Every structure is written in structure tokens, then in C-alpha cells.
Amino acid sequence: MASIEPRTDASFLILASLASGPKHGYAMVADIKEFSGTELGPGTLYTALQRLEEDGLIAPVASADRRRPYRITPSGVTALRTHAQELRRMTGIVGRRLALK
Amino acid sequence: MKRRTLLLWLYPRPWRERYGDEFDALIEDLGASPAIWIDVFLAALRAHFDLGTRKRARLVAGPPGGIDPRGGAGVLVIRFIAAVLVGGIAVALILLPPSPVQQLISSTTFVQPGASQEWEIFFIADAPGFTINYLPTVTSLLLLVVAVTIGTLADRRAWLAAGCAYLVGATLWVAWLRPFATTWALRPSPPWAPSNDVWSTEGWLPFLLVNVLVGAFMFAVVAAAAPLIARAVRQHALRTN
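Quick mapping for you: the protein sequence lines, in order, are chains A and B. Numbering follows this note's numbering, in which position 17 of the first sequence is assigned residue number 30; successive positions increment by one, without gaps. Numbering follows this note's numbering, in which position 96 of the second sequence is assigned residue number 1094; successive positions increment by one, without gaps.
Bear in mind the hints are in silico, worked out from the structure with no lab data behind them. Note that this is a predicted model, so its numbers are computed, not measured. Every residue, glycine too, gets a C-beta built ideally from N, C-alpha and C. Mixed in with the good hints there might be a few duds.
For lysine to any residue, the following SDA-like pairs were computed, each having C-alpha atoms within a straight-line distance of at most 20 Å [claimed, not checked]:
hint, chain 1, residue 1, chain 2, residue 2
1, A, Lys-46, A, Ala-29
2, A, Lys-46, B, Asp-1027
3, A, Lys-46, A, Pro-82
4, A, Lys-46, B, Ser-1031
5, A, Lys-114, A, Thr-104
6, A, Lys-46, B, Ile-1034
7, A, Lys-46, B, Glu-1026
8, A, Lys-46, A, Ala-32
9, A, Lys-46, A, Arg-84
10, A, Lys-46, B, Arg-1011
11, A, Lys-46, B, Ala-1030
12, A, Lys-46, A, Ala-97
13, A, Lys-46, A, Asp-22
14, A, Lys-46, B, Leu-1008
15, A, Lys-46, B, Pro-1032
16, A, Lys-46, B, Ala-1023
17, A, Lys-46, A, Ser-33
18, A, Lys-46, A, Gly-34
Chain A residues, not near chain B, derived (Cβ > 10 Å throughout) [to be verified]:
hint, residue
19, Ile-45
20, Thr-91
21, Glu-99
22, Gly-105
23, Lys-114
Just chain B, with the same shape it has in the complex (with noise of 0.2 Å):
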């Protein structure tokens, strides 16, 4: 991919029918430096917020039209009840009990293939004041109504990004979280662990791969809702054009 074409790549898919091809052109006259990938980043960013945000979004009289107004006060009111119906069905999946993301937490159960021995395995976070269950909740709940609110739903892009900024996230918090008891346990212990029933260990990695896990899982849920909520985003957006 051409290094200017990946910069138009980085603005939302609206302004990109309206502005690609002649924002294209001028990259290519001014060629990529370093401060055009930076001023391009941030006026993609902002073109991100504005189609969500602005007010006054509205289709341009005459040719060629303006962008796609897709991001008017009343669509953004629907994203954000949007945004929280369905970061609402995410939490419930974590929080209320039998809940499969419940045991996977507490507790996961593999079965080797081709063999009757049962392991298990279990993530205890002692941290006080904090669950494990709390990090992958309110953190996702949390990019997931910015995300959504600022009108990028139906762009796979936006996932990807949130996706990515949950890893960061995770990755700090569990760094914070490290001079706390972290446990993990397996039953029955290893060939490699001494011969105990159980085989216990501390560190942060396991705790950072359930929570991963447990976001990806959340993530999964919400891509799989946002066609349906976009599909109702853009008959909302043509009824009031």
C-alpha cells in the first residue's frame, strides 16, 4: 500500500467519497514527510469526531455535495443508547452468574485430547478493592460508548483501534496491579511442577491473558451486534435528510 494512500486510509470512509481523490492528488504533489503523517493524523482523528459530533453536519448544497452527514445530534443519541444496550448485554455475560465468561474466569476446564486427564485451571486475583472480572468490564464498556458515541460503529477500523487501545490498557492496569497476589493454579500440577495436587504459581502474565481473553470474547459480541445497530443508524441518518 502506497504511503499516501494509507494516510487517506486513516479518515473515516464519508470524508474519503467526498475528499479521497483530491486530498490523494496532493499528498502525492507534497509528497509523505514525517510532519504531513503527523498533521494528517490529527486531522483525521478530529474528521472522526466531527462526522459523529458536529451539529450543524448537513449535506452541502450543489455539486458535488459535501460529505455523507452521517452524524447529527439525533444519530448520535442513538449510538449512545446503542452503545450502552449493547455494552450492557456484555457486562450481563460477565457479571451475572451461571454465566459461561463467569466460569471461564473462575475457573477453565480443558480436556486433553486423546487422554481421560481433566485439567484445570484457576486465575485468583487478590488486589483489594479489585476483581478480575472489573478490568475487562470496565474497560471495554468503556471504549465501547466512546466508540460507538463518536459515530464509528459500522467502521472496522474503529474495532480494531479499540481493540488495540484495550491491550494497552490491559497491559498498564496488570502492570499496576503487580506487587498485588496474582495466583494461578493448575490441577493436577504439571510433569514439570513437583508432585502436589495442586501447582500454584504468582506473576502477572496469566492475569493478563484471562483478561485479554475475556476482552476479545466482549469485543466479539459488540462487532457481531453493530451491523444490526449501523443498518438502523443509516435509516435514522436518510429519514432525517
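Bound-form chain A, shown alone (with noise of 0.2 Å):
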């Protein structure tokens, strides 16, 4: 099953916005902003979108539109599961190593 590597936030962040419903590339880079204060460049997100894409992670929704929206996959969702557990188990060990400064 193909993951999500470590390194590309933007392959992340682009799940997490598409698990809310399918999103076209402007709607995805607004709402990425919003809920995680980055701001995506056009480039940084296809060259993240092309990946996802290949990897079967997203697939394209048909449309007439110039703008072609995107939704996630159900491997897309498992792999943003998985990689949002592993957040949060980091997150837990971070907050208990602060804990005890």
C-alpha cells in the first residue's frame, strides 16, 4: 500500500483537506490555509497532486470545468489514518517529555 512520505507535508495537507469532500486546486490551497495556516504554491501543490495521483491515493472527479476537482481514495484515507496516528502517538510523547521540564 502506498503511504505518505515524511518529508512531503503537502501530500498530507492535501489529504486532510480532501477528506472533508472533493475540492478543485484553488478550493484545496484556501482551505489548506485555513485550517493549517500554509499556504501552498500552485507548483509545490501539483507536484503533490501529481504524486498522490500515481501513488492512487486521489483520483480526479469528472468535470467540465477548467478547474477539475480531486476527491481522496479509500487508500488515500487509510493512509492519512495512519499517518494521523502516528501524529498523534508523536504528539503524546512530546507532550510528556514537557511535561516533565
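Work from the hints to combine the two standalone chains into their complex.
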């Protein structure tokens, strides 16, 4: 199963954005900026979109508009869930370590 | 040309065919700020590289199908071999006497139109360890192998970029060689020169000029062979898909 590469935060942000429903490029950029404060450039966004699509984690939605929406696939949901659990585990460790200070 | 269209032009053709419309729409929505220019420029460079080197490049199942994967490992090997072969021909044209390019380097003869006077120009580079041949040979071959191997052989913009890179490289090289003696001579002396049989001077400009000319010739040879190799690469890609 394909997974999110830890270093590619853009992939995680995109999957997190699409978890709430299909979105086209501009909607993704706006949503990601709103929930994470990160403003993805178009080049960064489409580099990640291409990889996610090739890995089968997202899929384009048929549309007559130039602004093609994308949806998260079941594999994408699994990858996002795994990554989120990993982040929660790491956050817990960091929280416990900070509590010792 | 609109600025956003220019940004799209930076990407390789297969990428544009797959993502061009929606990417253009996104640029239209976001606007083309300097930060976006930089972001897109870096991403486009990566797209050129990825297209030729990603082993997992493949057709994505279902519509609209992902990008055209003309960049698998097998294709990469073919491109590399093609680069070495074509580069070898170009180098042979430079180094093996009595090639016309060799003669162009050592001395060039011009016959003035409408006159019987014969002009002969000599280019001499005395930098230790280097001859005038090495600059076009090494830099052109290097650029050739890189350009072809990263999978942009059929893309004329890649050759334009490689040509510009060559000019920059040649200029820097000549700037480095400038402290050494670089002589050029003209026989017979031109009217403005002292009345000697051979008029000579030292300078970096003629050295740069001859290297640019030879480099341009090499790129012309390679560009002429490029469509043939590109066709072979496409046929190989069709077979492997």
C-alpha cells in the first residue's frame, strides 16, 4: 500500500483537505491555508497532486470545468488515518516529555 | 503571451497535456506573484527531472489517466546510450583530423567577395594544460548527456536552455583563462594595422567567439539527430506500456 512520505507535508495537507470532500486546486489552497496556516504554491500543490494521483491516494472527479476537482480514495483515507495516528503518537510523546520540564 | 501561460510553458509537454488546463485556471485564480513564479519554476524543473527518472512513472488507471509516462528506467537507459553515441559523433567531428571543425579551430580562411585577397585568421590558446578544443568538447558533451538523459531530447526548449547554459559556461571559462595568453592573428594585416605581414593581438573575445561557433555547430549536429532518437524513444515507450 502506498503511504505518505513523512517529508512531503504537502501530501498530508492535501489528503487532509480532501477528507472533507472533493475540491479543485484553488479550493484546496484556500482550505489548507485556513486549517493549517500553510499557503501552498501552485507548483508545490501540483507536484504533490501528481504523486498522490500516481500512488492512487487521490483521483480526479469528472468535470466539464477547467477547475478539475479531486477526491480522496479509500487507499488515501487509510494512508491519512495511519499518518494521523503516527502524528498523535508523536504528539503524545512530546507532551509527556514537556510535562517533565 | 500571458504571464500565466508563460508559467505553464515551463513544464514538459506531457505534464501540460495532463494538468495544463486546471493548472492554468489555478494560476488565474491565484495571480502570478513573484513568489508563485519561483514556486512554479522550481516545481517545473522537478517535473522535467521526474519525467525522465522516476522508475514508478506509469499510466494511472481510469480517466483522465495521469501523465504520459515516457520516462521509465528502460527509456532512461536508451536516452543515455543515445546521448553518448551522438555526443561521440560530435566529439569525433571536433577532435579527429582532418575534420572541418578541426581546421576551423586551428585556422580559418575567408575570401573577400569580389576580391582576390585571402584572409587567414589564427586562434591560439596557450593556457597550460588546455587547448582550445577542450572547451566546446567537454562542456557540450556534458550538457548533451545531461539534457538527453533527463528526458528532454525532443523538447526544443531544452536545447535552448542547454545552449544558453553553454554560452554562460563558455563565458565563465574564458573569464578564467583570461590571465593566460590568448592570441589571434590575421594575415595579411588589415588596413588599420601596422604594415606587417601578420597582425596579431591578444584577447579573450576571439577565444570566446570561436568556442561559441564550435559549440553552436555541435549543438546543431545533435539537434539534427534528436528527432530520430526521440522517435525511437517513443516507440520504445509504446512497447513497454
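Check each numbered hint from earlier against the structure, then list the numbers of those it violates in ascending order.
10, 14
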